[in-house]
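Undergrad: With these hints in hand, go ahead and build the complete structure from the sequences.
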Amino acid sequence: MAEEEFTDINGNSISLDCQTHSAFCREFTVTAPKLSLRKVMVCTCFIWLFAYAIFFLTENTAVLSSAIILTLAGMMIHIHFVKVDHETLLIIGSLGIQLSSSYASGRESTTFIEMSKLKDIVINEAVYMHSIIYYLCILIKDPAEPETVASVVPLFQSSKPRLNCLVQVYRSCQEILAETR
Amino acid sequence: MMGADSGPGAPAVPWRKVLYERQPFPDNYVDCRFLEELRRNIRVRQYRYWAVVRETGLIAQQVSCVAVFLTLWSYMEQGDLEPSLVLWVCLGCALLGYGLYEILGGACVRERTRLADLQSATIFLAFTFGFSPVLKTLTESVSTDTVYAMSAVMLLAHLVSFPYAQPSPPGSLSLNAALFGSVCLASRLPGALHTFTMLSCALLVFALWPCLLHRMRDKAEWSFPWAAVLVCLAGVGGLGSLWPEGALLLSLALLTLTLLCPLLLVLLQRHKDNIHGPWDEAEIREDLSRFLN
Amino acid sequence: MGNRRRGHTHAPKTPPLSLDTHSSDHEQDVKHRICMVSDFFYPNMGGVESHIYQLSQCLIEKGHKVVIATHAYGDRRGIRYLTNGLKVYYLPLQVMYNQSTATTCFHSLPLLRCVFVRERITIVHAHSSFSAMAHDALFHAKTMGLNTVFTDHSLFGFADLSSVLTNKLLTVSLCDTNHIVCVSYTSKENTVLRATLDPEIVSVIPNAVDPTDFTPDPSRRDNSKITIVVISRLVYRKGIDLLSGIIPELCGKHPDLCFLIGGEGPKRIVLEEVREKYQLHDRVRLLGALDHKDVRDVLVQGHVFLNTSLTEAFCMAIVEGASCGLHVVSTRVGGIPEVLPDELVTLCEPSVQSLCDGLETVIARIRTGNVASPATIHRKVRTLYTWRNVAERTEKVYNRVCREPVLPLSDRLHRLRSHCGAVAGSIFSFVAVITFLFLLFLQWLRPDHLIDVAVDSSGPHSRLGQHVSKKTSKTPNPAVS
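Residue numbers (full-length UniProt numbering), protein chains in the order written: chain F, 1 to 181; chain D, 1 to 293; chain X, 1 to 481.
Source of the hints: derived by calculation from the structure; they are not laboratory data. A quick note: this is a predicted structure, and the numbers were derived from the prediction, not measured. There's no promise every hint is true.
In silico lysine to any residue, SDA-like type, Cα no more than 20 Å apart, as pairs [claimed, not checked]: (1) X/K253 - X/A364; (2) D/K17 - X/R393; (3) X/K168 - X/L197; (4) D/K272 - X/L165; (5) F/K117 - F/D142; (6) X/K380 - D/Y20; (7) X/K253 - X/C356; (8) X/K168 - D/A51; (9) D/K219 - D/T56; (10) D/K219 - D/A51; (11) X/K31 - X/R393; (12) X/K277 - D/D287; (13) D/K17 - X/T383; (14) F/K34 - F/E108; (15) X/K293 - X/M316; (16) X/K168 - D/I275; (17) D/K272 - X/K168; (18) X/K253 - X/I366; (19) D/K17 - X/D342; (20) D/K17 - X/E343; (21) X/K277 - D/Y75; (22) X/K293 - X/T83; (23) X/K225 - X/C356; (24) X/K225 - X/G369; (25) D/K17 - X/N389; (26) F/K141 - F/I123; (27) D/K17 - X/E349; (28) X/K168 - X/D198; (29) D/K272 - X/F158; (30) F/K39 - X/L445; (31) D/K17 - X/I201; (32) D/K17 - X/M316; (33) D/K17 - X/K168.
TA: Here's what the structure looks like:
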């Protein structure tokens with residue numbers, strides 16, 4: 001059980017939680033900062049002031065009501081589909097890897113990758129927006145030709161931790177992968 | 001410039017402009033022979049003022065030709081000129097010009113027979129005559145302002161695209177622009193015969209006159225400046241009878257063109273600085289088409 | 001930025017020295033972190049591409065860290081590793097014309113800054129004046145306070161409007177670049193004139209040829225006839241029109257002569273017409289585009305190598321031809337007279353008559369047997385141009401450059417205004433100020449300390465080989481965006 005402070009690529013602090021359940025089973029949780037109330041307030045205020053300005057000019061009350069509905073719906077969509085609270089990587093030596101990300105609303109989406117499909121876990125570099133970042137990814141074997149890579153599954157896609165965090169996860173994963181082979 | 005090798009180990013061997021030898025000089029060494037193959041202005045022509053003035057006569061007379069044509073059109077539009085009279089004068093001028101062209105041609109080998117010339121003249125006249133009622137009503141649905149603007153643009157295009165270096169035969173773009181402008185103008189005249197007359201005049205001024213002038217310049221060089229001056233005077237005079245201020249502007253423009261522009265050209269030659277050297281792309285001077293045809 | 005360069009052991013007050021051979025010992029230990037930038041890199045093929053690749057390999061061998069930045073080629077996007085940990089950034093920038101990117105002086109700054117910062121680059125080395133990305137990179141590197149080197153691979157004229165404009169841009173781009181490298185003395189004269197430079201900051205370092213790739217093989221020749229080999233792109237600048245005159249002229253005189261022509265281009269049709277008209281199908285063979293690995297196989301089949309270029313900064317083709325043991329006949333244009341010693345090359349004027357005369361003297365010498373053997377020619381050429389030598393000389397340029405100060409913004413503006421004329425100078429001063437503000441904005445948006453320092457794959461701190469499984473060069477690089 002270890003918890004350390006890291007930052008994501010934009011400098012926001014995130015925390016990495018490593019839990020060793022057994023020699024072959026480890027769980028890594030990257031937790032992004034909570035949705036800050038201040039940001040929500042500022043955003044809402046801006047939209048409402050803007051709507052009020054339009055209402056002042058047009059004297060149409062529909063503007064105000066639609067602004068309220070818009071902010072509510074936007075907030076729902078944000079916490080349900082966009083804002084990820086934490087991402088978990090559960091690696092079980094003999095079985096496979098489970099990836100799950102839970103959204104701020106509590107919704108969870110989970111994928112499982114069998115150990116037989118998995119080729120390796122590596123740190124890779126990619127051009128992301130206007131910068132170049134490191135990311136951790138799982139290489140999936142091509143079932144026809146086991147030596148080639150069929151596809152790549154990026155990990156921690158929404159929290160985007162920096163290299164030092166990735167290296168720690170990478171080392172632990174490689175330990176387990178080395179033991180199971 | 002030098003100095004990299006001024007130390008005690010200064011090499012005794014002279015620097016050579018070769019890459020295949022390792023020379024005892026640093027890579028950024030600059031020899032006194034640096035840029036010795038640089039040549040400046042090797043292909044510059046020296047212009048003499050009066051020769052250039054003489055050449056600009058061609059441009060001035062072409063501008064005046066347009067003025068003469070417009071004057072003629074203006075008189076016909078106001079109904080001051082009988083088309084039949086103009087036609088007769090045109091015929092006379094054409095015959096006179098043709099005779100002059102033949103005499104000046106002299107020893108030249110003729111590519112076309114006189115019969116062929118007559119044939120083309122007849123075909124052109126017959127077609128223009130037949131189609132002049134059509135041409136007359138061609139632009140009826142277009143507003144007069146548009147027609148004037150169009151013909152102004154076309155005559156300008158004629159002046160810009162005229163092949164002054166090789167005026168015979170007149171370039172297709174310039175001739176077509178001039179004829180299109182003439183058709184536009186002619187369609188605003190009172191009658192079908194007017195239209196026909198105007199188009200015949202256009203052909204005379206824009207197609208045949210440059211050929212005759214070119215031959216005059218070739219065979220009887222003394223006559224060219226006189227002809228140019230005569231056309232310029234006709235242009236200025238014609239415009240003067242309609243619109244004196246316009247004539248003043250035209251004569252000012254012609255004077256600038258013939259006297260001031262050559263002066264500028266000659267004076268600006270001093271500032272020419274053309275650099276040549278071994279880096280220039282080589283030109284193929286031989287005629288290579290003989291290997292293919 | 002400043003603390004990244006503090007690791008280097010050089011006194012800031014050292015007066016700029018010439019590139020002397022007697023450099024002190026500690027200077028030799030300085031290892032640079034170099035970023036080569038050009039629009040032209042593999043998979044595109046050509047002289048600039050192989051120059052960058054070979055130079056980078058030799059610099060890595062000497063212990064420097066080298067990364068290459070170029071634009072994305074179709075599907076090839078992201079980061080790739082080549083032999084010996086040579087890292088290539090294929091950046092997603094829009095290609096405009098002829099594999100050159102559009103230049104706005106701004107849009108490439110975020111990505112290039114990211115590359116320079118994460119790789120802790122000390123020297124930015126841009127290649128080719130046709131490459132807009134190279135000029136952009138020079139501009140950004142100077143804004144970020146990095147040392148800059150530029151290599152010019154081509155010659156330009158001065159006569160027409162387009163060259164006047166490109167020369168002005170080159171003046172702007174090079175006026176505050178620390179050092180410029182040219183491939184021949186003629187190219188140096190040309191560049192100095194075009195960009196109005198001080199000739200002291202221009203070094204001449206020729207291109208090189210890998211001699212092991214181009215070895216002679218006389219058994220492949222057909223000695224019953226004389227074969228003339230031409231390998232070039234079939235375009236006007238390579239003098240293919242001259243070739244179309246030489247072929248019928250010489251084939252008429254010598255019945256045992258044949259031509260082997262490798263390359264592709266718009267002038268191929270001219271050669272085909274000549275072949276058709278003179279019925280030379282069995283004697284003139286057009287091989288079409290050749291892969292680099294096939295060039296040697298074609299070269300060794302010939303006796304004479306013919307180059308008809310109308311302009312050339314440094315002709316690699318004639319060195320390759322001579323390295324394969326062929327007698328070289330070439331036009332005397334550009335930097336070609338500097339490339340090979342007189343006994344290895346017959347230089348002619350760029351005309352059909354002169355080239356035919358030159359070829360006929362060589363043919364006559366071959367018939368009498370009065371010629372050096374291919375092995376002798378190869379031995380002479382082998383040591384002339386090697387990439388290792390090029391890398392050594394380039395290293396000296398880097399050593400000199402990293403001792404020089406990078407102009408601060410105010411000095412740059414002054415230099416631009418005083419050096420590039422009032423109009424262009426003012427415009428580009430404005431652009432330089434805007435770029436500087438943009439850089440400040442980017443540094444606020446994403447400070448340098450937030451950009452992860454990349455794991456070195458080449459250079460003194462190379463991690464290549466220590467964690468083999470950590471980075472697999474075979475990994476596909478899908479851009480996560």
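Undergrad: A separate judgement is required for each hint: does it hold in the structure or not?
TA: Results for each hint:
Restraint check for X/K253 and X/A364: the C-alpha separation of about 12 Å stays at or below 20 Å, so the hint holds. Restraint check for D/K17 and X/R393: satisfied, since their Cα atoms lie roughly 18 Å apart, inside the 20 Å limit. Of the supplied pair hints, the one linking X/K168 and X/L197 holds, its CA atoms being roughly 12 Å apart against a limit of 20 Å. Distance restraint check for D/K272 and X/L165: the Cα-Cα separation of roughly 17 Å lies within the 20 Å cut-off, and the hinted pair is therefore satisfied.
The hinted pair formed by F/K117 and F/D142 meets the criterion: a straight-line CA distance of about 8 Å does not exceed 20 Å. A distance of roughly 10 Å separates the Cα atoms of X/K380 and D/Y20; the hinted pair therefore holds under the 20 Å criterion. For the hint pairing X/K253 with X/C356, the CA-to-CA distance comes to about 11 Å; that is within 20 Å, so the pair holds. Only pairs whose Cα atoms come within 20 Å are accepted, and X/K168 paired with D/A51 is rejected, the gap being roughly 35 Å.
Proximity of D/K219 to D/T56 is assessed by CA-CA distance (about 19 Å); at most 20 Å being required, the pair is judged to hold. For the suggested pair D/K219 and D/A51, the alpha carbons sit about 17 Å apart, so the restraint of at most 20 Å is met. Distance check on the hinted pair: X/K31 and X/R393 sit about 15 Å apart at the alpha-carbon level, within 20 Å; holds. As the CA atoms of X/K277 and D/D287 are separated by approximately 17 Å, the hinted pair is consistent with the 20 Å bound.
Only pairs whose Cα atoms come within 20 Å are accepted, and D/K17 paired with X/T383 is accepted, the gap being roughly 19 Å. With a C-alpha separation of about 16 Å, the suggested pairing of F/K34 with F/E108 holds against the 20 Å cut-off. Restraint check: the Cα-Cα separation between X/K293 and X/M316 comes to about 15 Å, which is no more than 20 Å; the hinted pair holds. A C-alpha spacing of about 15 Å is found between X/K168 and D/I275, which places the hinted pair at or below 20 Å, so the restraint holds.
As the CA atoms of D/K272 and X/K168 are separated by approximately 18 Å, the hinted pair is consistent with the 20 Å bound. Taking the CA atoms of X/K253 and X/I366, the gap is near 16 Å; set against the 20 Å cutoff, the hint holds. With a CA separation close to 13 Å, the supplied pair D/K17 and X/D342 stays within the 20 Å bound. Under the criterion of a C-alpha separation no larger than 20 Å, the hint pairing D/K17 with X/E343 is consistent with the structure, at around 16 Å.
Between X/K277 and D/Y75 the alpha-carbon distance is near 62 Å, which puts this suggested pair outside the 20 Å criterion. Proposed proximity of X/K293 and X/T83 is supported: the alpha carbons are some 17 Å apart, at most 20 Å. In summary, the hint linking X/K225 to X/C356 is supported, as the alpha carbons are separated by about 18 Å, within the 20 Å threshold. A distance of roughly 13 Å separates the Cα atoms of X/K225 and X/G369; the hinted pair therefore holds under the 20 Å criterion.
Restraint check: the Cα-Cα separation between D/K17 and X/N389 comes to about 18 Å, which is no more than 20 Å; the hinted pair holds. For the hint linking F/K141 to F/I123, the alpha-carbon distance of about 17 Å falls within 20 Å, and the restraint holds. With a C-alpha separation of about 19 Å, the suggested pair D/K17 and X/E349 falls inside the 20 Å cut-off, and the hint holds. Restraint check: the Cα-Cα separation between X/K168 and X/D198 comes to about 16 Å, which is no more than 20 Å; the hinted pair holds.
Distance hint between D/K272 and X/F158 is fulfilled; the C-alpha atoms sit about 12 Å from each other, no more than 20 Å. Among the hinted pairs, F/K39 with X/L445 is consistent with the structure: their alpha-carbon atoms are about 18 Å apart, no more than 20 Å. Note on D/K17 and X/I201: the hinted pairing holds, with a Cα-Cα distance of about 18 Å set against a maximum of 20 Å. For a cut-off of 20 Å, the pair hint linking D/K17 to X/M316 stands: about 18 Å separates their Cα positions.
Annotation: proposed proximity of D/K17 to X/K168 is violated, straight-line Cα distance about 27 Å (limit 20 Å).
The earlier numbered hints that this structure contradicts are 8, 21 and 33.
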